[in-house]
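Undergrad: With chain A fixed as given, assemble chain B onto it according to the hints.
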Amino acid sequence: MPNEIPADSVGLVTPQTHHFTQPLLLACGRTLDEYELVYETYGQLNAAKSNAVLICHALSGHHHAAGYHTLDDKRPGWWDAYIGPGKPIDTNKFFVVSLNNLGGCHGSTGPRSINPATGKPWGADFPMVRVRDWVASQARLADVLGIETWAAVIGGSLGGMQVMRWALDYPQRIRHAVVIASALKLSAQNIAFNEAARKAIVSDPNFFDGDYLAHNSIPKNGLAVARMIGHITYLSDFAMGEKFGRDLRRGSFELGNDEPVEFQIESYLRYQGDSFANTFDANSYIRITKALDYFDLAREYNDDPVNAFKQASAKFLVISFSTDWRFAPERSHEIVNALVGANRAVTYAEIESKHGHDAFLLPDERYQQVFGRYLAGVSV
Amino acid sequence: MRIDLNEIQSWIKQNSRVLDLGCGDGTLLKFLIDNKQVQGYGLEIDAAQINLCIDKGLNVIEQNLDRGLGNFADKSFDTVIMTQALQTLHFPHLVLDEMLRVGKECIVTFPNFGHWKARFYLATRGRMPVSDLLPFEWYNTPNIHFCTFKDFEVLCRERNIKVISRQVVNEVSGQTLKDLMPNLFGETAIYHLSK
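Sequence lines, in order, name chains A and B.
Numbering of the first sequence is given in numbering that gives the first Met the number 0, commencing with residue 0 and proceeding in unit increments.
Numbering of the second sequence is given in numbering that gives the first Met the number 0, commencing with residue 0 and proceeding in unit increments.
Think of the hints as simulated: they come from the structure by calculation, not from any bench.
The beta-carbon is built from N, C-alpha and C at its ideal position, and this holds for glycine as well.
Some hints here could point you the wrong way.
[Claimed, not checked] The following label-pair restraints were derived from C-beta to C-beta distances:
#1 B/Asp65 / A/Gln188: 48 to 54 Å
#2 B/Asn139 / A/Glu364: 21 to 27 Å
#3 A/Cys27 / B/Ile163: 54 to 60 Å
Bound conformation, chain A alone (with noise of 0.2 Å):
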């Protein structure tokens, strides 16, 4: 799509794979024995290697952040607001590393992969996978590209989860952290999407308790509603009734006239579900979701957070937003506290917002400001 690649676009990057032959023990107590992480680099590495800086994704997410893969792309990476020279994650200052996690279904080693022990794909046999378990995947990428420390890992939703296990896990090797519409822990209410969504995934007679793949199937209708349900929580109530309102795409209410109607609304749901079920594992989107559900930052501090905390030595930035509902203001503020009542540094900005979680990667001025401002303060 574009004619010309943006200046300050990262331009056309190629995605690496690495192959990790030393076992990963999981949190679930199953072991990986080898695995694939693929990643995508964008910038330079410095001398020191001080300039590193990790992108942790969010549940649909995957290593292509920034710029474009060919010059038939339609669209840039997903974050590519964000990263990219003169950007907030400046690559003329940062080396700045992406991968797509473990369990995923864009390249790193998932359900859809193969099983060395049986030659066939996992399928549902991959084991459930952890945040705890990506950051130590990560950390092991870290080791091959020869990243001691990272100057910054960030992320937004599921990927803030992760910045925060890496403060607790390694806090030697990360020296800020950007957490940004996430939470300690999901609600109940987050939860119940979620669990909502993997239903609609199992319910799917294309399902086969998730062996789909050997049955030659794939439940699109199960996943199209599952991302239909992410999606409309996602949103704000004021954001989609701006983009849609009652329009209507097709029929009218005309008196005497039985034509189906059909409201906007509706149409680019199905459009969002079907495309999403085209390119998303169901067993990956089950992993993730589960992954989401599990993570409480505190649960083995006395499901006390201030004393999670005191394991943590980077400073951080907690961004929220103010319209979003599915990772709420009041999510951020705990973390914030948190973090004062372990004396940590921390730098906290609620943006202003009409566009719900989704506002994490839309561009936005002030957003930018105060991620760019913070992130022109790191020391490389």
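TA: Relative to the frame of chain A, chain B by itself:
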């Protein structure tokens, strides 16, 4: 109107924990970090000011003081400071209580509405004072709860707040008179409080 940072600094202990309410562009907090090595946090609601704090590398937290300090534990700070913000609050007396709950000591500064110029303006013109120090009309001023030094001390007595010390600072004029008749000639007061 900026308070002499040295006046406030003299009441802050080395390496102490400081919370600055309405920290503005962070000048005071930065000064205290540089000179007293304090562990400091600033609360602010103005986006432009928050940006300036971030530029200085400060711990700035976006929080509306009118929603209270319920998120901070009792006596979790050595000193809670509020400079030139008391008069902008909806419930200054409640915030003052909260400051003394969260902090072992407090430092509060505010402009004196009993200053002779304000009195003279009101007396002669019959209109709310507007000056270079208070450059707002009554309807658009952020300063919604003005008080005089005397008013403030009455409030302290009513709420059993101990005034450890008081400094009167004049930037414009009346350097001698302010010590003789502070409520008439003092421009700004710095109160050092505890409970």
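Undergrad: For each hint, tell me whether it holds in the structure or not.
TA: Hint check results:
Remark: the range hint 48 to 54 Å for B/Asp65 to A/Gln188 is contradicted by a beta-carbon distance near 28 Å. In this structure the hint that B/Asn139 and A/Glu364 lie 21 to 27 Å apart at CB holds, the actual value being about 25 Å. For the hinted restraint 54 to 60 Å between A/Cys27 and B/Ile163, the CB-CB distance of approximately 58 Å keeps it satisfied.
Checked against the numbered hints given earlier, the structure breaks only hint 1 and satisfies all the rest.
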